[in-house]
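Undergrad: Sequence:
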Amino acid sequence: MSILQEEVNQRRTFAIISHPDAGKTTITEKLLLFGQLIQQAGTVKGKKSDRHATSDWMSMEQERGISITSSVMQFPYNDRMVNLLDTPGHEDFSEDTYRTLTAVDSALMVVDGAKGVEARTIKLMEVCRLRDTPIFSFVNKVDREIRDPIELLDEIEEVLKIEAAPITWPIEMGPRFKGIYNLYTDTIHVFQPGQGHTIPADVRVQGLESEEAKELLGEVYDDFIEEVELVRGATHEYDQEAFLAGKLTPVFFGTALANFGVREMLNDFVKWAPAPISRQAVTRTVEPAEEKFSGFIFKIQANMDPKHRDRIAFMRICSGKYSKGMKMRHSRINKDVKIADAVTFIAGDRENVEEAWSGDIIGLHNHGTIQIGDTFTAGEDLKFTGIPHFAPEMFRRVRPLDPLKMKQLQKGLKQLSEEGAVQLFQPFKNNDLILGAVGQLQFDVVVFRLKDEYKVECKYEPISVQTARWAECDDDKMLADFEKKNHDNLAIDGSGLLTYLAPTRVNLSLAEERWPDVAFRATREH
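According to this note's numbering, the stretch in the sequence shown is residues 12 to 537, in order.
If you're looking for bench data, these hints aren't it; they were derived computationally from the structure. Don't take each hint at face value.
[Stated by the list, open to error] For each label pair, taking beta carbons as the anchor points, the in silico distance ranges come out as:
#1 K349 - D197: 27 to 35 angstroms
#2 N345 - E169: 48 to 56 angstroms
#3 D487 - D90: 52 to 60 angstroms
#4 Y471 - S334: 42 to 50 angstroms
[As the list claims (entries may be wrong)] Result set (DSBU-like, lysine-lysine): computed pairs, CA atoms no more than 35 angstroms apart in a straight line:
#5 K488 - K394
#6 K466 - K496
#7 K470 - K349
#8 K496 - K349
#9 K440 - K488
#10 K338 - K425
#11 K349 - K338
#12 K418 - K462
#13 K303 - K394
#14 K470 - K440
#15 K338 - K303
#16 K225 - K303
#17 K335 - K470
#18 K495 - K394
#19 K488 - K416
#20 K335 - K394
#21 K488 - K346
#22 K335 - K416
#23 K440 - K466
#24 K466 - K425
#25 K466 - K422
#26 K349 - K303
#27 K394 - K425
#28 K394 - K172
#29 K488 - K470
#30 K495 - K418
#31 K332 - K134
#32 K425 - K134
#33 K258 - K335
#34 K416 - K338
#35 K422 - K394
#36 K496 - K470
#37 K394 - K258
#38 K189 - K172
#39 K349 - K440
#40 K303 - K258
Small disclaimer: the values here were computed from a predicted structure and weren't measured. Don't be surprised by glycine CBs; every beta carbon is placed ideally from N, CA and C.
Throw the hints in and build the complete structure from the sequences for me.
TA: Take a look at the structure:
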């Protein structure tokens, strides 16, 4: 086996998906603890706590206790190299989250045991389903009063349309919680309270029939034996093929805050989750173990280092190997670039990369030439597909409080829109700056970051735009006519593309009827 193939086989690249407050940040920290990237887990309590979660690095995230920006963390575990992509977990999240899911090979779904499957999780699962992404599930907070575990499994199956196969099962819950039982190894993992900040001792009892098990479970022993029989009879068995096809999810129970049940899940995750998978480009399928380098940009992040006004483009390597100082072909602009200073991250700490392999995520310094969706290769003319851009649903006009800071405002908005944090539109008819977003929080983030990072205070004003569509037409003459007759509704977006800004849905419908040869697109690929 070649070194490249060995490295590829070791990689596990995944993201965590959950509804806000299900415990995603906490479980991320515990994984970093097992990966020995952090010595002690911070308590994630937003403002009240003096220790902020390691993966929430931007100052607004530290204030609000939510992970707004997806960062990337790499750690070794059990002879595997794990790449964890953090995704925003707050109320309204942006396309950033969707695009992060295009860069992973599997996902871990965290479900709050008291609340079950929630709205955000459903939306994220839809994105995973488009690509048949294999899903691991972790039911969190079993040391509190949770819903009946069988009921939770039913809900996962019914709402998310995926078969659920329990691997571990909780013994009691809330203050009576005693541990978890592994249905496949016949092992009880005994709960050790008060060890949430460290790696807890792994106390096991082998065999549910053993005297030790009877002693540990005491008066609930007979009930638990019955429950296990019921679970075995009423639930799906784990099947690796069905898991890899995205049809079945293995389910683990535990408590991320107390760091219990996470290790058992991680042990199976690195065994079962897929190594890097092949990727679709316009002209062909690219296999991860191909010798020649290729990768695509799925995210751009401005100002990861307050000391340097920089922008980092995150690249998922799809084939071959990156070596420091290598030459790459930037496909969109057909130019060769030498990359000497690619970086990897753990939260705000960055390190220069000497080498990286297929499945890894690296950061490239971006001076404005790299866009989301760009493909880089060792020379071949390739373009990877499937990185989405969605038409925004909310719009605001933005103005600087100090008119002399217009230049800084424009620069800041251009960078933030390149990053995908918000979409920027510049109308034909005036010099307005119009922002489009998927949710209100994106607007708050932009105001905060403009002030914090670009030193521009600005205000929003309402604007009569209800929706936006990218307008395309193959006939240049007709397109020119369309532009002339719809001048007041047209704008150019941050990527220089023609956009139709509709004041009402009715207006959009009429425009579509009048111009049947113009395509009005609600999504576009980068």
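Undergrad: Are there hints from earlier that the structure breaks, and if so, what are their numbers?
TA: Hints 1, 6, 7, 8, 16, 17, 19, 22, 29, 33, 34 and 39 are the ones this structure does not satisfy, whereas the remaining hints hold.
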